[in-house]
Structures are given as structure tokens and as C-alpha cells.
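*Asks:* Just so you know, the sequences run in chain order A, B and C. Each residue of the first sequence is one higher than the one before, starting from 1 at the first, in the numbering used here. Each residue of the second sequence is one higher than the one before, starting from 1 at the first, in the numbering used here. Each residue of the third sequence is one higher than the one before, starting from 1 at the first, in the numbering used here.
Just so you know, the hints here were simulated from the structure itself, not pulled from any lab data. Hints are not guaranteed to be accurate.
[Unchecked claim] Using 20 Å as the maximum straight-line C-alpha spacing, the simulated SDA-like pairs for lysine to any residue come out as follows:
id : chain 1 : residue 1 : chain 2 : residue 2
1  : A       : Lys-380   : A       : Val-291
2  : B       : Lys-44    : C       : Asn-131
3  : A       : Lys-162   : C       : Asn-131
4  : A       : Lys-147   : A       : Ala-182
5  : B       : Lys-156   : A       : Ala-182
[Said to hold, decoys possible] Listed next, the stretches of chain A that the computed footprint assigns to chain B, with coverage defined by at least 3 CB atoms under 8 Å from CB atoms of chain B:
id : segment
6  : 251 to 262
7  : 279 to 289
C-beta atoms are modelled at their ideal positions from N, C-alpha and C, and glycine is treated no differently.
Residue strings, one per chain:
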Amino acid sequence: MTHNKRGDDTLVSPEQSLQVYRAMQAGLSRRQALKMLGVAGIAAAGSGMLPGMSMGWAADADGQGTPKRGGRIRVAAHSSSSAESLDPAKGSTAIDYVRAYTFYSGLTQFNEQLEPQPALAETFESSDNGGHWVFTLRQGVTFHDGKALTPQDVIYSIMRHKDPAVGSKVLSMVDQIDSVTALDDRRVEFNLSAPNIELPAILAVMHLVIVPDGTTDFSKGIGTGPFTCEEFSPGVRSVAVRNENYWREGYPYLDAIETVGISDESARVNALLSGDVHMINNLSGRNADRVKQTEGSRVKATNSGNYTDLVMRVDQQPGSRPEFVEAMKYLFDREQIKRVALRGYGQIANDQPIAPSSPYYFDGLPQREYDPERAAALLKKAGVAGARVPVVVSPAANYSEEMGQLLQQSAAQAGLNINLNRVPGDGYWSNHWMKHPLGFGNVNPRPTANILLSQFFASSAPWNESGWKNEQFDQLLVASRSEADDAARRQMYADMQTLIHNESGIGIPVFLSDVEGYDARIGGMDRTVPLGSFMGYMFAEYIWWNA
Amino acid sequence: MSETHAMPHRRQGASQRRASARRMVDGSRLPISAPARRNKPRLKLLRWIGLTLFGFWVLVALFGPLLAPYPMGAFVADEIYGGMSAAHWLGTDYMGRDMLSRMLTGARYTVGLAVVAALLSTLVGAGFGMLTVLLPRWLEEGVRRIFDTLISIPSKMMALVMVSAFGTSIPLLILAAVLSYAPGAFRISHSLATNLATLEYVQVAKTRGEGRFYIAAVEIMPNMIQSVLTDMGMRFVFIVLLLSGMSFLGLGVQPPAADLGSLVRENIGGLSQGALAVIAPALAIGTLTIGANLLIDSLSKSRDTQKE
Amino acid sequence: MRNAMPKLVLGRLSSSLLTLFLVSLVIFAITSLLPGDTAQQILGQFATPEQVAALREELGLNQSPLVRYWHWLTGFATGDLGMSASNGMPVAQLMNDRLPNSLLLAAITTAISVPIALTMGLVAAMRRGGNIDRALNVVTLSMVAVPEFLVATLAVLIFAVHLGWLPALSYVSTVESVGDFVRIYAMPVLTLCCVLIAQMARMTRAALIDQLDSAYIEMARLKGVPPVRRVLRHALPNAVGPIANAVALSLSYLLGGVIIVETIFNYPGIASLMVDAVSNRDLALVQACAMLFCGAYLILVMVADLCAILSNPRLRNR
Numbered sequence: 001m002t003h004n005k006r007g008d009d010t011l012v013s014p015e016q017s018l019q020v021y022r023a024m025q026a027g028l029s030r031r032q033a034l035k036m037l038g039v040a041g042i043a044a045a046g047s048g049m050l051p052g053m054s055m056g057w058a059a060d061a062d063g064q065g066t067p068k069r070g071g072r073i074r075v076a077a078h079s080s081s082s083a084e085s086l087d088p089a090k091g092s093t094a095i096d097y098v099r100a101y102t103f104y105s106g107l108t109q110f111n112e113q114l115e116p117q118p119a120l121a122e123t124f125e126s127s128d129n130g131g132h133w134v135f136t137l138r139q140g141v142t143f144h145d146g147k148a149l150t151p152q153d154v155i156y157s158i159m160r161h162k163d164p165a166v167g168s169k170v171l172s173m174v175d176q177i178d179s180v181t182a183l184d185d186r187r188v189e190f191n192l193s194a195p196n197i198e199l200p201a202i203l204a205v206m207h208l209v210i211v212p213d214g215t216t217d218f219s220k221g222i223g224t225g226p227f228t229c230e231e232f233s234p235g236v237r238s239v240a241v242r243n244e245n246y247w248r249e250g251y252p253y254l255d256a257i258e259t260v261g262i263s264d265e266s267a268r269v270n271a272l273l274s275g276d277v278h279m280i281n282n283l284s285g286r287n288a289d290r291v292k293q294t295e296g297s298r299v300k301a302t303n304s305g306n307y308t309d310l311v312m313r314v315d316q317q318p319g320s321r322p323e324f325v326e327a328m329k330y331l332f333d334r335e336q337i338k339r340v341a342l343r344g345y346g347q348i349a350n351d352q353p354i355a356p357s358s359p360y361y362f363d364g365l366p367q368r369e370y371d372p373e374r375a376a377a378l379l380k381k382a383g384v385a386g387a388r389v390p391v392v393v394s395p396a397a398n399y400s401e402e403m404g405q406l407l408q409q410s411a412a413q414a415g416l417n418i419n420l421n422r423v424p425g426d427g428y429w430s431n432h433w434m435k436h437p438l439g440f441g442n443v444n445p446r447p448t449a450n451i452l453l454s455q456f457f458a459s460s461a462p463w464n465e466s467g468w469k470n471e472q473f474d475q476l477l478v479a480s481r482s483e484a485d486d487a488a489r490r491q492m493y494a495d496m497q498t499l500i501h502n503e504s505g506i507g508i509p510v511f512l513s514d515v516e517g518y519d520a521r522i523g524g525m526d527r528t529v530p531l532g533s534f535m536g537y538m539f540a541e542y543i544w545w546n547a
Numbered sequence: 001m002s003e004t005h006a007m008p009h010r011r012q013g014a015s016q017r018r019a020s021a022r023r024m025v026d027g028s029r030l031p032i033s034a035p036a037r038r039n040k041p042r043l044k045l046l047r048w049i050g051l052t053l054f055g056f057w058v059l060v061a062l063f064g065p066l067l068a069p070y071p072m073g074a075f076v077a078d079e080i081y082g083g084m085s086a087a088h089w090l091g092t093d094y095m096g097r098d099m100l101s102r103m104l105t106g107a108r109y110t111v112g113l114a115v116v117a118a119l120l121s122t123l124v125g126a127g128f129g130m131l132t133v134l135l136p137r138w139l140e141e142g143v144r145r146i147f148d149t150l151i152s153i154p155s156k157m158m159a160l161v162m163v164s165a166f167g168t169s170i171p172l173l174i175l176a177a178v179l180s181y182a183p184g185a186f187r188i189s190h191s192l193a194t195n196l197a198t199l200e201y202v203q204v205a206k207t208r209g210e211g212r213f214y215i216a217a218v219e220i221m222p223n224m225i226q227s228v229l230t231d232m233g234m235r236f237v238f239i240v241l242l243l244s245g246m247s248f249l250g251l252g253v254q255p256p257a258a259d260l261g262s263l264v265r266e267n268i269g270g271l272s273q274g275a276l277a278v279i280a281p282a283l284a285i286g287t288l289t290i291g292a293n294l295l296i297d298s299l300s301k302s303r304d305t306q307k308e
Numbered sequence: 001m002r003n004a005m006p007k008l009v010l011g012r013l014s015s016s017l018l019t020l021f022l023v024s025l026v027i028f029a030i031t032s033l034l035p036g037d038t039a040q041q042i043l044g045q046f047a048t049p050e051q052v053a054a055l056r057e058e059l060g061l062n063q064s065p066l067v068r069y070w071h072w073l074t075g076f077a078t079g080d081l082g083m084s085a086s087n088g089m090p091v092a093q094l095m096n097d098r099l100p101n102s103l104l105l106a107a108i109t110t111a112i113s114v115p116i117a118l119t120m121g122l123v124a125a126m127r128r129g130g131n132i133d134r135a136l137n138v139v140t141l142s143m144v145a146v147p148e149f150l151v152a153t154l155a156v157l158i159f160a161v162h163l164g165w166l167p168a169l170s171y172v173s174t175v176e177s178v179g180d181f182v183r184i185y186a187m188p189v190l191t192l193c194c195v196l197i198a199q200m201a202r203m204t205r206a207a208l209i210d211q212l213d214s215a216y217i218e219m220a221r222l223k224g225v226p227p228v229r230r231v232l233r234h235a236l237p238n239a240v241g242p243i244a245n246a247v248a249l250s251l252s253y254l255l256g257g258v259i260i261v262e263t264i265f266n267y268p269g270i271a272s273l274m275v276d277a278v279s280n281r282d283l284a285l286v287q288a289c290a291m292l293f294c295g296a297y298l299i300l301v302m303v304a305d306l307c308a309i310l311s312n313p314r315l316r317n318r
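Same shape as in the complex, but just chain A (with noise of 0.2 Å):
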């Protein structure tokens, strides 16, 4: 939900009844939504009017008058590499995935409380309580080529990510899904090896666009997307034009798009502040304030859930013994590390992974506050006081070089002495994350709670960060998934995170906003898509330039 500062007369902005008088219009019943949906919240679902239930937030943002179609804006992300694809498959960085929302669409798309909403399906529903889904197509949609969509276009674009060799990022999510078969010429079932109610947000996210089938070479972002590819080059910039036919009536407003990478922070903020590029990401708190303080610029933060965390592995010393991870969790200077390392753009954390913009939140658990006293005399009874303990950082990890040097100081408050360990962002993830006793890990949002927990806490989980393993855990994460009442599973997910909290070797000291900074002529930036930088990536059909 937004919070703005014109107060709570406009919670449903012109342009969001619009969206949710079409998708009403689809075919999509309030009442099926609140079924197949299965969310949260539920009495809102597919409206986005209760607020509260998503913590995102704006500062600075406003809708600036009504949507003007025209314009021409460069956009500049904060990664640039000769690696950038517009493979959807192989989208890793904010300028892949912003890439994919601008040249493809997905059958749903998420709406501002991450529901997912009707797109190229025009309706989704299970018979069975999400062991098999059936999507129908929206008629009449065509890609940049000309092509109409077909059935066969989503069978290839969903199960070319089963095979390994494509290498795709999103082959553990896709894993669940038996079998994509057309049933007739306007709708494809999906067979599940287990029922799961979230297909539908699953299939928003960005790896899981459409692509026309048998694809193989991806360079010209042929999809059916907002806008039409003029210009690829890989690390260098890609230039996207208005789609003139796209299914979407009325968007995108702008006529032109330029994307680049920019990977130096400063000379990000610089190329905004000087008006070569008129959306920036990836701030820091330091840089923000300084955009803010400019003429004619602007900050919008939102918390997504993205973490930066502390992995103690709890299989290797000195982490397996449990008073020593509890005293960690409690030599975080939680609030210090918000003001100084974030600059205020975070949000507190309470070691629990689930943010509290999601629906499933649970705000029971008492926080853990900073507690030097406390922390030695568990660090005592853990036997390690006055130990040195090595701690690898890296520039990979986002604040991870600050928060480990915030927490060196605050441990040597216990008489824990902390070795910090620089290593190179380059290779990071493949060579030093989760191999070391103690590291820094990050997290980016994702999509679903169901979604974050089954890929970082469960036990067989690939990226089991700390190596911590519960069977109560495990039999909760799978039963929530096809839990059909709301409040039985609300409980699931609050057992869950309380584990989480007491047990595991991951902490989480704080969120970091993802902050971003534009040209104040940008209009529409009241939208937040509580997923990551850029509404969530989405940005492009919805922002339109004032000038």
C-alpha cells in the first residue's frame, strides 16, 4: 500500500480501479479470486484497497497529475556486464529483469499487494485446490513479430526451464510442474506433482515470461511485451520503443525507453543529477539524501524484504554451538547498523526472513535487542569468550563490509573479537557463500513467503544458508501449502518464523529499502511493487514523463 502524503482520500488510485475493473471484467470474480487465490487479506484480494497490507512505502512520491502519453526517458540500472541476456531464463541482474517486464509479458503479473493478476491469461482457475490449474488466453494478443499467441508458445516458454542446460535460474520452481498440455486452441492446463495454490504467483515472476515457441536466439526481445527491442548490446544500453499493439489498452504512455548500467554509485548519482539519465536504483542511504536535497529530484525507497544476513553455519564450529548463534543474534546494534550503515533507508529487523509488508508476518515475537551483557555470558557458556573468530565480507553482499565492521565493534562490547575477511564480490556467490563458518549472505524478495522459505530454511533446501535442518519446520513448510483455512495457515507461518528465530544460524539484523532516485518530470511513481527497485521491475507500462 502506499503512503501518501496527500493523506487516505485516494487509496485506489484511477488507475487501479481501471486495472481491477478489468481484470474484473476478464472473468475474474472477487469471489474466485479470494478462492483460487488463497492470500491473505483476503477480503481485498484483486482490489488493493485495505491498507496495511503491504508495508511498502514512498517517500517523496507522488502521482504527479494525470497519466500523458509520450516522452523518452534513459533509464540506468546499477549492474552493467557483458553477460546481460535477454534470455528471460538467464535474468540476474535489475537491468535483465526490468529488460523482461519491458519486452515480454507473463500469463499474471502482480498488482501492488503481490497478488497475481489476470495478464496474458485472461483467467486462471483449479478444480482440484491447485493440483492442476487451467489458464485461457487472451484473445487477439500478438508478439512484435506479428505471430498470435498460441497455447504452444506458453508449453515451450514454461518447460524449456526444465531442461538443465538452458540454465535457467528458476528450474527449482519450475520443478513442480509435471506437465504443460493445450487442452484447445485458447487454454493450457498445468499438472503439478503437488497441489499448490500459488501457481498463479509463480507465474509472474520474471523468468516465467512468454516467449514465442522454439526461441533459441533471444537477442531481439521478440515478446508481447509493453514495448518493442530497437537496440540490444549487451553491457552497453538497450533502447526499447512504444508497442503499438499491445494488449494492455491504453499503456504504455512512454514512446521511448533507453536502459543502461551504470555500476559506479557516484557516477549513477551524478549522470541523474546532471540529467543524462532520469531513473536511477541501488542507492545508499548517503547518496539518497543527496538526491533528495537536489532541484528537481527525487527518492523513492521501498521495503521489499530484501536481507542482508549473517550465516552461521550450525554444522561447523563455532556455530553449531547454539548459545554462540544466540549470543550473535543479540550483539547486532540493530538500530546503529539502520542509522549508520543504511542511513535510516531500512527497517528493523527481528532475525525472522519474512518482511513485514508480507501478509504472512508475524509480529508476535518479542525483538532481539542489542545486549552485550547478555551476549558474553551466553558467549561464556558456549565457551568461546574472548575467542577470535574470522567473519567474511564482500562487496556482493550489499552492506555487508559495514554491517560486519558495525558488528566487530559492537562484539568487541562482549569481548568477542571478529577477524573481518574481505573477499572479491567477483565469484562470491560460487566460492564463499555458505563455505565459510561465519559469512554475509543476501537474500533478494521474493514473490511468495511459501516461495523464500522453501529455498533458504527448509532442510533439503539448495541454499540452506546455515546448514540448519528441522523436521517440525519441514512438516509445517509442506502442509501450509495446501492449507485451504486462512488462519490455520497465518499459524503455520508464524510457528515457522518463531523456529527461525530461535533456532537457525541466520541473522537479520535489518531490511534494506531499495532506494531509488528520478527526475522529479517522472510521472506515476506513486505505484509500489513491495518486489525489488523499479515497482518491482514493472515500471515501464506504468511511468509516464511530465515535460
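Following the hints, complete the assembly by docking chains B and C onto the known chain A.
*Replies:* Below, chains B and C alone, put in the same frame as chain A:
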């Protein structure tokens, strides 16, 4: 005007012996004495400036940590990029740490590492550069191929492979710097030495049956010392700047410590507000490297004046 | 004597080929030594072991290193640079997109920096010990003592953000007029010149002074040859070798070493391509870039050596 020239003093002893032989070859060289310097006071001034600046940083490197008012990693202020104040003479850095303490503590990395690495690179590079011209042709070619290969390896790649193979340590950082900069020193000194080796007095020394090290040290080295020293001064500057990039790659200096270059780099965000946190370490690098170069310059000049 | 030159050039070229071969071998070995391979880098933080194994198979990373090297070498020898593993595009095309940018930047910087540096070095040597010499000394030292990223960022702040005269980013694609061209290249060239001029000027001065200290110049002085002529006609020819080498070394930096300038001005050149390729463990691309840099370096030093030989006839017989 000040066009004063002098023969490098070391050659003098040998030149008496060589003089007759040389005259026989083409008579271009005469045992002549050098005119007195006309600009001695000026030289001294520059030397003193160089010595003062460089000496100051050596002292800081040695005793700086003792003088630091705060621990270098302590978060002592809420204000970031703070200006000069009684509590923080050089302001505060991007996380609110005392800049003066960080510089006093960090200077020793820059000064120590850069001096050692510059000396080693020049020693290795210039040493091989001089010796190889006296070696058999095939061996000379071989050494040149090795240095050319070394110079063609991207330094980032070199740093990464060293970190992954040997972990991170200060000696390794020095080794990486030497590997990056010795080949350049080799190139320059080799081309200097090649020119000199064709000169008569070297040929004569060879015919006399002098050893290779003798020829290199006595006949060749004194005649290229100015260039070699200037090159070393430049390399010193480059190494100071290289270190910050290397610690960024995880080689060497680890947080919360930081060398002067890293201090500039981590505070670069404060440049727009003219933060002391970025200006102070940049000035430190400037005074250190200028001081070192002035000192090196005056060293080679003072060699000329010694015999007066 | 005259037909010694072609022979010499031929000899140099063949030994350059040997160096290229050595470099390719070393780069290959280093890439294999680096932890993490292309497959892991492509799949990133959230890769599963099965995926890595499958992609490895797909990319042919399971073959023995010698076989892979042989494939690369035979391809390279026949002009096939291979495919970039990280984005599936031909290496030749990736290089083709960026090489002209790098060459242009290098050419402009060379055209500006070399004459200035040589003039500064010559003047300083002629006026050795005088006020001009000392001023140039301090100027060149100050130029080189400021970190490159600081010069670049400061230039952007002043000329782009505050004054608004120049664009903060250097987009080659937007060049439409001579004015655009100058605006776009002004800051990158300025930054690079700061680094290069100092080095070249100081080495020029030092090499000349080494010569001016020698007895034959003293002789010329005694014979009453005027100072300018002494430097230009007597000392300079003998200093050409070292000077040319110093210039060649500095210029070789212009292709591979300009990563900071490319990053800060977002200039699409070949240095950032190489750095990305190393990060991605993209062997074919790393090799191609390394061959290019090494080749450029070898050509530069060969030219430098030829200059030295032409200026010093005695070297021809070596």
C-alpha cells in the same frame, strides 16, 4: 642559464683507465672535469622539501597509530562527512568514524607497502634489464618474452588468482604489485641498457674480460641512473594508487583498516560536498608521492654534485 | 645494412607470435586455476549442482583442459574467436562493437598527450634546474599523484553536475556533430591525459638528462654548440630508445587499463569487456581480449625498438 653537466662520479675511477682505450676507438670522449654547479641552493631547497614531506609520512607511518585520538574502527560521530571540528580535526568519514585516526593508522600500509614494492619492482626490473643485455642473445630473448608475457596478464586476473591460490596477506600484496610493475621497469631499463651496451667503453670492458655484474654495476648503471630513478618514482606513485584497487579485490589490507587510496575511494561519495574525508587522504597521497619523487630526483642530482 | 631492417622486423614478428602463444597459455592456465567456472558464474547465486553439471556439459567444460585449449587454439589460428559462454554471442561481434570506441579514445588521447608530454619533457631537460623545469616537475607530479577515479569524478561534478557544460556519460551513439564529439570526449580524454602526460614527460626528461650528462654532450658544449641544438641534435637521438619505450608502455595502457574511465563515464570500451569476461570466467572472451592487448602492446614496443634502432645505428648489428 643553468645548463650544467657533470659526469656521474662513479665512472671517474674507471674512466682514467678507460680513457686511453676510448681515444683509440673514436676519440669522442675526453677525461674532462665537470664545471661547478650554479644552482646548488635551489637543488637543496627541493631536496629539503622532498625530505620533509617524505620524512613526515615515514614518521606518521611509524608512530601514527600511537597518536590516533580514537581507534580507527570506532564509530564516534553521528554526522557523516563531517567537517573540521575540535573533536575531529579532519572531520568524519562515510560512517562517522574519525578521519584523523583512520589516516594516522592507514598511512603505514601505504608508505610501507609502496616503498617496498617500488624498490622491489625497480630492483627486479632494472636488474634484469641491465643484466640481460650482457647475456647471450637467446637468453636475453627468453627473459624478454617472460616479461612481455607478464605485462600482458590483466592485473585484476593476477590479483584474483593470487587471492584464490594463496589467500590474502601483505607479502602477497607486495608480490602482486611487483609482478604488475616490474615488467615496465624492465622494458625501460632494458632499452636504456641496450643503447649503453653498444658504447665503446662497455665493449672495451667486455674485451678486457670484466664480469657481467661488474659491467652492469660499474659501466652501465651509473649512466642510466637518472631514468631508472625517475621510473621508480613513477612506479611508487602507481603502486600507491594500485593498492586501493587491490584491497578492493580482497588482497591485503582488510577492514576496518584502510590504506590512503582506499580511504579516498570509500569516501568518494563525499566529494560533491567537498568533504574533508576525501580531500584529506587525497592530499596525503599527493604530498607523499610528490615528496618521494622530489627526494628521488635530488638523490640522483646530488650524486653529480658530490665530487665537487 | 639496409636489408637488415626487414629481417629484424620479421624476427620481431616471429618472436611476437611466440609471446602471444605464451600469453594464451598462461591466461588459459590462470582461468582454469580461478575458483568457479563459467557454468557457475552464469547460473549465479542460486544455482543447483545438477544445473551446473548440465551447463558444464553443454558448454563443453567437462573436456580435459588440454582438449579445450587445443579447440580454442585451432579456432584462433583459423580466425574463429569462438562464442562467448556468458551470453551466447560470437566473441568477434562483441569485440567488434566495442573495439572502435576504444581505438578512437586511444587515438584522441595519444594525439593530445604525446606531443604535450614530449614538449614538456624536452623543455624541462633544456632548462634543467631552472624555474620552468621545476614548475613542470611539480605540475607533472601533482597530475599523477591524484587518483584517476578522483580526477574523473571531480571533472563530472564540476563540468556536468554544477556547470552543466558536458554530459556526465559518454555515449558514442549520440554523436551528431563536431560539438557533440568534443563534449563527449572532453572529460575521458582529460582524465587519461592526466595520467599519461606526467609519466611520459618525466621519462623523456630523465632519458635526455642521462644523455646530457655524458661526455660527448660536454664536448659539444665546450665546442660551443648552442643548448637547444645540443639537446635536439646530440642528446635526443640517443635518448629516442628509452623515450619511445616509455611512450609505448604508457600507450599500451590505453586499451586495457582504462577501466576506471570506462566505468565512470560509462564508455563502452574493450577494457570493461575484459573485466566482465574475467568475472564471468568467459574463457573465449578473456583470451580474445588478452590477445588483443598483448598484440597491441607488442606492436607498440616493436615500433619503439625500431625507433631506437633507427636512431642508433650501432644497434643494427646486435
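*Asks:* Please go over all the hints and tell whether each is borne out by the structure.
*Replies:* These are the hints, each one checked on the structure:
1. A:Lys-380 with A:Val-291: violated (46 Å)
2. B:Lys-44 with C:Asn-131: holds (14 Å)
3. A:Lys-162 with C:Asn-131: violated (74 Å)
4. A:Lys-147 with A:Ala-182: holds (18 Å)
5. B:Lys-156 with A:Ala-182: violated (51 Å)
6. 251 to 262: violated (count 0)
7. 279 to 289: holds (count 3)
Hint check: violations occur at hints 1, 3, 5 and 6; the rest are consistent with the structure.
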